[in-house]
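Here the structure of chain U is known, so what remains is to put chain C in place on it, guided by the hints.
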Amino acid sequence: MTFLEDLLNDLPGLVGRMRHHDIRHVTLKDGTSTLALTITANPCQIPQAQPVAPIAKSEDTPVLSPEMGLFRQHGLSDSQTVRAGEIVGFVEAGVLRLAVTATANGTLGRALVGDGSVVGYHDVLFRIHPDG
Amino acid sequence: MREPRRVLIANRGEIALRITRACRLLGLHSIGIHSEADASLAHLRLVDETICIGPAAASHSYLDAARVLRAAELTNADIIHPGYGFLSENADFAEAVEQSGRTLAGPTAAIMRLMGDKISAKQQMRRSGVPCLPGTEDALPTDLSEAQTICDAIGYPLIVKAAGGGGGRGMRVVMAAADLRGAIETAREEAGRAFGNPSVYAERFLQHPRHIEIQVLADRQGNAVWLGARDCSIQRRHQKLIEEAPAIGIYPQAIAELGERCAKACTLMGYTGAGTFEFLYEDGAFSFIEMNTRLQVEHPVTEMTTGIDIVREQLLIAMGQPLSFTQADIRTQGHAIECRINAEDPESFRPAPGKVASWRAPGGPGVRVDTHLYDGYVVPPNYDSLIAKLIVHGTDRTDALNRMHAALSEMQITGIATTTPLHLRLMNEPGVREGSVSVHYLEALMRKSTP
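So the protein sequences, as listed, match chains U and C. Read in UniProt numbering, the first sequence has 119 at position 119, and its numbers run on one by one without any break. Read in UniProt numbering, the second sequence has 383 at position 383, and its numbers run on one by one without any break.
Excised from the complex, chain C in its bound form:
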């Protein structure tokens, strides 16, 4: 069998360019796909082949598994790199790729399914010794005193949630043991009315958690390593805005122990490729939220602190090669921060697509820009508003913050609104300077500044 060398990049924008660069680095034949609205994407000038797969609507192009697979067949691709978003965590797509005799740069469809279901993922984590939120695995018993005993054991505050629910209905936060019975009764009633299923379950409620995540890489030979932790607590509506590595104010030994458990979990389940274990961190304890079975937007901060090219490793793993380093070889150095530059109004966050009149990239030591921007590029209204990632690497966190401030001031994007002014402001906020803020920090700050 010939060596797999033809890589189809099943994505767009900055990440398609990032993957193209890794392909070129490895001397692989790269194939760029695009929608009709995206013929002017930057990476399409660098790839070896391009093909327009469909109209602008993502549902008929980047999200259409059949079209992406047909493009892979027509271009004889061996490997499909899905990037992030779109089809990257779609188990049915992964299965179809496997059945077509191709390799997805990621885990198998079976693993994707296992991690895609929150209950099965949590059970798998418990089996592997990865810490989870304390809570019931099944529904709470209807007998209230029995339920009280179980919940007292979980501890307060806790949250009572509808087993069949979602969208905030049938959900009650219980601050103290005395409030439990009333909360269960209302939640049950609401759940019964809203979902036709009155069963509820309980889990520990964290009030001011930080978002901490562990990057892993696992090859097809059963080797798995972790590449340090990232702190992605600066979020708005669950969308990360600023990410950094390492996570400050947490004992390195605690992170190392968590990392070891994540790597072990990968080996146990047969995980392959790059992945991220996401946790909430509060009062010295980590609680697993979910695993992302793909490359993440914020992977560059880990690349900057470890010196490991994660996308290159993903491709090598997909080609069947074993990891060229072990856990003992991995060192993290300095501090890295990433700001997501979105084509959005910095106050209202309304998407602001349009023509980039001019683009000036910042530079200097420790400055990296991952972007598909160029002068005259038109940001289409059809997709995600991420247009650039500004990443800096400093000797320590303060140095990194200063470098980020300087780089943000130097960067110029004219013609469209971007989130740059918000980032500039944040670099001087006491909470950001100090660090270790919770996931609610940014929203609270925005509320304060817009009366």
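In isolation and in its complexed conformation, chain U is listed as follows:
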């Protein structure tokens, strides 16, 4: 794991080198873990990946929990098309019910946590696969 975590920690450096050498796609394997990086035409707008975030395909945009609390489904089906800003779920944090909104246009993946599950601050709740 450490090898891939190290790479993730140095993601900006790695991406910089990929751009410099005009490499568009990289897949790295270490044991059972895989890190796949695809360089997009424009630098992407997604939030900076956290150092120990689950290793994901870079083209998917994570949707993070806005708070620590209980996750509530919003009746969306898997593979549904969503627009950035659209409500995809809720997190109940004490008396607050906070909206979880899509962070990109695309196809919403299955919720990574069940309805009523305890979620932490900035836990990944969904991934959105971009259109096209």
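Here are a few chain U residues that face chain C, going by a calculated C-beta distance under 10 Å: (1) D6; (2) E67; (3) M68; (4) G69; (5) A93; (6) G94; (7) V119; (8) G120; (9) D123.
If you are wondering where the hints come from, they were derived from the structure by calculation, not from laboratory data. C-beta atoms are modelled at their ideal positions from N, C-alpha and C, and glycine is treated no differently.
Using the frame of chain U, we list chain C on its own:
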């Protein structure tokens, strides 16, 4: 009612790992909380459950009582162990924990408030027969000859302090009776100007005190014991660097008498959990400074000399169990020393966060390392710089010093600067070898070596 078995560890770093170990030892369900910057903390791999409670800033994570309480609710925690620092001495937090029907591994909010206020703490100590600095309980009278009589009775040197003040203003050290009137007048004037309140009080000023403290444990059944004394005089800017147990050069009978008084004070006020009574020691006399109503960083030196697992006892007390031993069962053996290894420049003490390229723990008989370090761990810049505590236990003080020197030389932390070189140097300093230094020792030594 089911037995409380779910423990939320409301801290980070080495102490969170220490508490996790005690939970596992007792077969308790452990819940680790962490900030977004701390997802890679070592104890999170050992606990039964983890939850990210907020962003990196401590004010929105470990110091945020509402978030810690919400985490306890979401995870159905019965007991919250606050560790040291953060919320560990926050009476409002303790009260909120009580109101939520949970147990804090520590004293009640009421006791925390009583000990948190210096004046009420001192009054409580006087009532319990714990020695305090001689001084006025109230402001000095405005009549200077009356004030002179009172101060002469306290004795010199003394310090005149602004009642409403702080930060060194309105403060005058008086070395002899003849200097008192002038000092009171200047202090009053300064206090009036700075705080809008000219009243001043006086207490005895100690010039070269040692820092001696007594560890106590008290259960919910009214039993209280003391576990020996620690000497924590090697400090820089009131931050302890090296701690040891027992305190050398003080009659064991005097320590025992002080310990008895501390244990009695616990019973009288209804104290529960682990706690520490801190004293200044000069010319054969102890003077109470404050009580820490929590676990302390330096608790391992007491564990090494008494063989008592203080964190385990804290959890058992929080579970409502009575102490399994009495004062007569407690024996101290040998000598223990702890060096605090901080991620800091050993000369400037500037914090040095960053990635630990490699970590090699020292070992051998009598060597203990309490740390959350591992190869590749990144010390975040957001929190306290303590990254490891190296503790040794020897047959006597010289043996312990030698073991510490060997362990420090063996320990390797690469990638970041640490205070290890300073500790190595200190192990050979005549003052440290001899012992019994005052709280000013280290700063004086540093001044001498950096012209």
